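S.K.: Spelled out from the first residue to the last, the chains are:
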Amino acid sequence: MTDTVQLFVTCIIDTLYPETGEAVVRVLQKAGVKVSFPPDQTCCGQPAFNAGLRQQARMMAIQTMRAFETYPGPVVVPSGSCASMIRHSYSELFIDDPIWLPRALALAKRTYEFSEYLVDRLGVTNLEASFEGRMTYHSSCHLLRGLGVDRQPRSLLAAVHNADLVELPNTGDCCGFGGVFSIEHPEISAAMLDRKIANLETSGASILVACDAGCVTNINGGLHRQHKSQRAVHIADILGKT
Amino acid sequence: MMTKVFHSRIRESLADENLQSALDANAERRISVRQDAFASLIDPQGMRERAHVVRADVVEHLDRYLEQFTIHAQENGMVVHPAVDAAQAIKLVLEIAGQHDARLIAKSKTMVSEEIGLNHALEKHSLKVIETDLGEYIVQLRGEPPSHIITPAVHLRRQDVGRLFHEKLGLPYTEDISIMTNAARRILRQVFLDADVGISGVNFGVAETGTLCVVTNEGNGRMVTTLPRVHIALMGIERLVPTMIDLSLMLSLLPRSATGQKLSVYTSLLNSPRRSEDPDGPQERHVILVDNGRRDVQASGLREILYCIRCGACLNACPVFREIGGHAYVNLLGKSSPYSGPMGSVVSPALFGQLEYGHLARASSLCGACREACPVDIDLPKLLLRVRTGIKANQAESNTKPNAPGLLTVGLKLFTFAATSPWRFAVAQRLAGIFGSLAAIFSKEKSWLRFPDFSGWGYSKDFPRPAARSFRDRYIKKVESLQSTNDHAILPGLAQAALSEIKETNPIPASKGIGDFEAELIALGGYFISCKLDEVSHNILETLRVHGIDRLMVWETPYLPVGLIEQLTKAGILISHPTVETQDTNCLLRAGLTGASAGIADSGSVLLSGGPGRPLIASLLPEVHIALLWEKDVFENLSQVLQRKDVKQASASVLITGPSRTADIEMALTIGVHGPGELHVICIKSE
Chain H
-12 MTDTVQLFVT
-2 CIIDTLYPET
8 GEAVVRVLQK
18 AGVKVSFPPD
28 QTCCGQPAFN
38 AGLRQQARMM
48 AIQTMRAFET
58 YPGPVVVPSG
68 SCASMIRHSY
78 SELFIDDPIW
88 LPRALALAKR
98 TYEFSEYLVD
108 RLGVTNLEAS
118 FEGRMTYHSS
128 CHLLRGLGVD
138 RQPRSLLAAV
148 HNADLVELPN
158 TGDCCGFGGV
168 FSIEHPEISA
178 AMLDRKIANL
188 ETSGASILVA
198 CDAGCVTNIN
208 GGLHRQHKSQ
218 RAVHIADILG
228 KT
Chain A
226 MMTKVFHSRI
236 RESLADENLQ
246 SALDANAERR
256 ISVRQDAFAS
266 LIDPQGMRER
276 AHVVRADVVE
286 HLDRYLEQFT
296 IHAQENGMVV
306 HPAVDAAQAI
316 KLVLEIAGQH
326 DARLIAKSKT
336 MVSEEIGLNH
346 ALEKHSLKVI
356 ETDLGEYIVQ
366 LRGEPPSHII
376 TPAVHLRRQD
386 VGRLFHEKLG
396 LPYTEDISIM
406 TNAARRILRQ
416 VFLDADVGIS
426 GVNFGVAETG
436 TLCVVTNEGN
446 GRMVTTLPRV
456 HIALMGIERL
466 VPTMIDLSLM
476 LSLLPRSATG
486 QKLSVYTSLL
496 NSPRRSEDPD
506 GPQERHVILV
516 DNGRRDVQAS
526 GLREILYCIR
536 CGACLNACPV
546 FREIGGHAYV
556 NLLGKSSPYS
566 GPMGSVVSPA
576 LFGQLEYGHL
586 ARASSLCGAC
596 REACPVDIDL
606 PKLLLRVRTG
616 IKANQAESNT
626 KPNAPGLLTV
636 GLKLFTFAAT
646 SPWRFAVAQR
656 LAGIFGSLAA
666 IFSKEKSWLR
676 FPDFSGWGYS
686 KDFPRPAARS
696 FRDRYIKKVE
706 SLQSTNDHAI
716 LPGLAQAALS
726 EIKETNPIPA
736 SKGIGDFEAE
746 LIALGGYFIS
756 CKLDEVSHNI
766 LETLRVHGID
776 RLMVWETPYL
786 PVGLIEQLTK
796 AGILISHPTV
806 ETQDTNCLLR
816 AGLTGASAGI
826 ADSGSVLLSG
836 GPGRPLIASL
846 LPEVHIALLW
856 EKDVFENLSQ
866 VLQRKDVKQA
876 SASVLITGPS
886 RTADIEMALT
896 IGVHGPGELH
906 VICIKSE
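Quick note, the sequences are listed as chains H and A, same order. Sequence positions in the first sequence follow our numbering and run -12 to 229. Sequence positions in the second sequence follow our numbering and run 226 to 912.
Treat the hints with care, since some could be wrong.
Unchecked claim - The list that follows gives simulated cross-link-like pairs (lysine-lysine, DSBU-like), each with its CA atoms no further than 30 Å apart: (1) H/K96 <-> A/K607; (2) A/K857 <-> A/K757; (3) A/K671 <-> H/K228; (4) A/K607 <-> A/K638; (5) A/K910 <-> A/K737; (6) A/K795 <-> A/K757; (7) A/K638 <-> A/K229; (8) A/K229 <-> A/K626; (9) A/K560 <-> A/K229; (10) H/K215 <-> A/K669; (11) A/K671 <-> H/K215; (12) A/K857 <-> A/K873; (13) A/K870 <-> A/K737; (14) H/K96 <-> A/K638; (15) A/K316 <-> A/K560.
If you are wondering where the hints come from, they were derived from the structure by calculation, not from laboratory data. Because the structure is a prediction, the values reported are computed rather than measured.
Let's have the full structure, built from the sequences with the hints guiding it.
M.R.: See the structure below:
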């Protein structure tokens, strides 16, 4: 078993949800690994990449690669879309770059999404977490279709004590975030989010769990605007509860 | 980039309740029927991967396959015309029409013709052009472009069509879809018979044989490729497959993806024009190979979009298409692109210009539902992202100018400046935290920020207040205490909780036979009778008696059991052997009797190969089609049947899978549009 993992906390969790970042550290430690935080990390570059600004995306990707290169071991990312960015899109960014492509592939090879790392690498599902109430799971796009990760977070949640885990109708439908898409096309994004919220209401859950702070921010933003009582949380927030 | 027109079209679509309910119904139904249809395949993922490889090979070696296709098509007697662009393709159609003094043109659905603006050009030259696919006919009457590449009238409700038919065709207003469909059948039947030229698209061209494959459900594709004197097929140069085996792979995927069918009702396999001994078929068959920018796309970073087989699955799966519909995919001037949805957001800028259409690719959350639905596994999110870089045809990704809006670009450049230094990033986070704290002082809401509508985010969502101290700030102090209290201990019992491997096993189906054929045919609404040879005439007479029919168009004796025609004549049935010259009178005959050279158990299909004594119109024009099939000729799958000699040798063949049908109005299944509404297969037991 690996001794130390390198945490790539992601810019959203770092800036908006430091408690979630701490929950990630707690859960990883509980699962038996040491956590290190390479200090030069910032953002994986996905916002610029999604906007079509490849030059800027490359600059941020290089920043990220450099930040992790001197720290060996698995890189754990509590976000499906940031993990997918590193695993799949870095090679697209450096497709014609003989210097950076091998370095991008090397980082991609040791990068794991948080729930994927816990279940597939550590073989852990039961973290002795406890949660009172009804919750449901939202399958984030890049986690589900980009990384093919779905049973891992589900098995982690199924092991949470006392929780009543129900299925979210059309759980794999996009919540309407899509990074810059939600800013460039607020009307379409809003319509997609309304469907997600309607499905959440149908599920009867008070808590929606996702593995991506982007989805959490988007869904919560709509729930708060519409004065709904349900809330979206990151999976680490649930798993870190005892 | 100015996309005001696009945004206003989006808002109109979202506010249009009729459209919203039509789009909802489309998405829900199409996604579920596609998933069901794929569930009947043994290895759908493997087939997608193979199909991807086949399409990649074709696009990689496009010139070689085009040459091979052209040589074989010419050997077969077709006339092949390359067209570099829209203007040349239009000129070719006009020339061919002019040579035949054509006045009326019947068209089946071809997206290439939408792409090159063919109808408009022909009308300018005083040619009358009528679309014959029910959905296309409806949008043509409305003066609109199609709103979906497979179901052109998907945006309309039955009431819209009822009013349209009342206003344009003078029919009494009705909301009964079968009455509307029947009216269209009656009107368009005359168009098929009167048309001088038939124009169709092509789903696949087969390079090794020079065969054109055209699939339709209504039967209009068969009509326009069979009845008029001249058939012109418009084909994008990339629509090739190397072999018949590859064709069977594609045909296993295309109808499943498009409409959830195992096979479309009519799969036409066209090799040549009418040969001297043939009873039917056009005198001339032309293929126009339309480039119109495709070679430039082949040489660009968007090449993979040329793998597309135009099934429409990505449109149906796309959450954005579901909100805005096809007509909202407009260029800078507000003109709808013929290609919408995820594939359209790549094809349109690739073929018609980054400047005019590049903004379409920005209307995607990159959720990947399109790629998951794509039967040839095109990485659509990757291509959408490449369009966003501003890539143009003939261009690799480098040296492009991103098509992002100016303000967003400025914001992201600032963000990049901050995020390329941990020090600057930490300062920016600190500033965000201070901004959040200040906002909290001046607002009742302590944990949320409300941005104005124009910010985009503020339109429908609030934003969480940035933390006063970021994770990295807190981490430096906290992490050591966290680590020391937990001491990296592994909790007891954790190791045992590892998931057991989920192994998926695929059942190996028993070899399929006549029972499966029967079940499939009946599920499609066809009739199945199994009998001995000496009971065949009785069963035919019984079917005719039920309908009160006493006249029958039939194939000639060598292709029907010996003595059968005599028995029918003796029983008082008037027999005619139709040819294309007598098709007007044949049209009055309500039943047709044909043989069938093979059956497919997988899909309940029958294969009819035309030729001397075997007029294909006997299976197309009448209301009732009776096909005689020997039990020994039933094969398990499509691939076995497509490799038969008669498919390669006949001027034209057709695979028939159930009665003619449409679902173009509100997706309500309606039987008997242009082709027969009843299909009876009499299966003759092998002695």
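S.K.: Each of the hints needs a verdict: does it hold here or not?
M.R.: For each hint, the structure was consulted:
Distance restraint check for H/K96 and A/K607: the Cα-Cα separation of roughly 20 Å lies within the 30 Å cut-off, and the hinted pair is therefore satisfied. Between the alpha carbons of A/K857 and A/K757 the distance comes to roughly 13 Å, so the proposed pair stays at or under 30 Å and holds. Taking the CA atoms of A/K671 and H/K228, the gap is near 24 Å; set against the 30 Å cutoff, the hint holds. The straight-line distance between the Cα atoms of A/K607 and A/K638 is roughly 22 Å, inside the 30 Å bound, and the hint therefore holds.
For the proposed pair A/K910 and A/K737, the alpha carbon gap of about 16 Å is at most 30 Å, so the pair holds. A hinted pair counts as satisfied when its Cα atoms are at most 30 Å apart, and A/K795 with A/K757 qualifies at roughly 20 Å. With a C-alpha separation of about 24 Å, the suggested pair A/K638 and A/K229 falls inside the 30 Å cut-off, and the hint holds. Distance restraint check for A/K229 and A/K626: the Cα-Cα separation of roughly 20 Å lies within the 30 Å cut-off, and the hinted pair is therefore satisfied.
Among the hinted pairs, A/K560 with A/K229 is consistent with the structure: their alpha-carbon atoms are about 13 Å apart, no more than 30 Å. For the hint linking H/K215 to A/K669, the alpha-carbon distance of about 18 Å falls within 30 Å, and the restraint holds. Pair hint A/K671 plus H/K215 holds up; C-alpha atoms about 17 Å apart against a cutoff of 30 Å. Our distance criterion of 30 Å between C-alpha atoms is met by A/K857 and A/K873, whose separation comes to about 21 Å.
For a cut-off of 30 Å, the pair hint linking A/K870 to A/K737 stands: about 22 Å separates their Cα positions. About 29 Å separates the Cα atoms of H/K96 and A/K638, which keeps this hinted pair within 30 Å; it holds. Pair hint A/K316 plus A/K560 holds up; C-alpha atoms about 23 Å apart against a cutoff of 30 Å.
Every hint from the earlier list agrees with this structure, and none is contradicted.
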